[in-house]
Amino acid sequence: MKKIIYIALIVFGFGCETAIQPELKEAEEILVIDAWLTQTMERQKVMVSRSQPYFDNSYPSLTPGAQVTVEDLNTGVVYNFQEGADAYYWDPADAPLGEVGHTYKLAVTYAGETFEALSTLGRVPEVDTILYKYNSKDFNILESYYSAEFVATDPVGPGDAYWIKAWKNGNYLGKASEINIAFDAGLSPSQSVDGEVFHQVIRRDFVNPLDPLPDRKNYYHPPYEIGDSLYVEIHSIDPVTFEYLSGVILQTNRPGGFSELFATPLANVITNVKSTDENSNTNVTGFFNVSAVSSAGSTITQAIADEARTKAGK
73 MKKIIYIALI VFGFGCETAI QPELKEAEEI LVIDAWLTQT MERQKVMVSR
123 SQPYFDNSYP SLTPGAQVTV EDLNTGVVYN FQEGADAYYW DPADAPLGEV
173 GHTYKLAVTY AGETFEALST LGRVPEVDTI LYKYNSKDFN ILESYYSAEF
223 VATDPVGPGD AYWIKAWKNG NYLGKASEIN IAFDAGLSPS QSVDGEVFHQ
273 VIRRDFVNPL DPLPDRKNYY HPPYEIGDSL YVEIHSIDPV TFEYLSGVIL
323 QTNRPGGFSE LFATPLANVI TNVKSTDENS NTNVTGFFNV SAVSSAGSTI
373 TQAIADEART KAGK
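Using this note's numbering, read the sequence shown as starting at 73 and increasing by one per residue.
Hints should not be assumed to be uniformly reliable.
[Unchecked claim] In the DSS-like style, the derived pairs of lysine-lysine whose C-alpha atoms are separated by at most 27 Å in a straight line are:
#, residue 1, residue 2
1, LYS205, LYS237
2, LYS383, LYS240
3, LYS386, LYS237
4, LYS205, LYS177
5, LYS289, LYS240
6, LYS177, LYS117
7, LYS240, LYS205
8, LYS205, LYS346
[To be verified] Listed next, with one range per pair, are the computed distances between beta-carbon atoms:
#, residue 1, residue 2, range
9, LEU259, GLN154, 15 to 25 Å
10, MET113, SER208, 16 to 26 Å
11, ALA183, VAL269, 24 to 34 Å
12, ALA183, PHE211, 53 to 63 Å
13, GLN154, SER262, 39 to 49 Å
14, PRO311, VAL269, 32 to 42 Å
15, SER208, THR147, 48 to 58 Å
16, VAL150, GLU114, 14 to 24 Å
Quick caveat, the hints were computed from the structure, so don't treat them as lab data. Predicted model, so just to flag it, every value in this text is computed and none were measured. All C-beta atoms in this analysis are idealised placements derived from N, C-alpha and C, irrespective of residue type, glycine included.
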């Protein structure tokens, strides 16, 4: 009888749920400066904002009244950014911002204090081509499908780093699991892969989105079908930017669930933005990088699909 009562108590204990409403202390606001500039004939943007409460999912609003400049430390040319409704902007007239090999200094002056960051504009390889492969149905995709791959070769000489961005049908593949970075032609600085074609994980895995079927767990839509398009950009980044993005991946691309009990605790990622005042008490975060960009795009036509099927022997 005692055993029955004991078992009943255990079952009852596991069957109860208690909703808790934790009272979180208001965290101190942090100044956030994000500047991801490109050597393109597009409007360049620097965002200056304040950190928000943890559960606030709204888009950060601009912190007005700052003075924002970017200086080419090799030539002395200064780019003055103008305050807009949601960011600080600079518009190219005859030429884009930046020259490969030059170092740039971001300076943001706000409330009497100046914050600076440095970035060197690295070289970038061309996207040689985009290929499509025909695949028979497999364990997770229930019909034949096409997968994509871009081809690019890292230039000879160690120390290059890249952020590869992709768009399917004009939609940016921007999930945490889709952040695609390379160091030389490999996945990390610890790999000695210089002057070669990018590793196949970089070329393939991050440009083939797997969207789950709504009514079939662990099954996915085909990555590409006839009529779909893929557009790829390669952005050169600083080695320190590679470290920053590696930290972003570690902190955001987490499986959740039971495995989080044994995962690395959450932590702030690094920043390259610093106050010029060594005695400053202002908390600041964010990142500054200047990129050269190469790009290519392709659409799966019937002719491309037929060629892929022929190569696959179908």
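* Asked: Out of the numbered hints, which ones does the structure contradict?
  -> Numbers 3, 4, 8, 9, 10, 11 and 14, in rising order.
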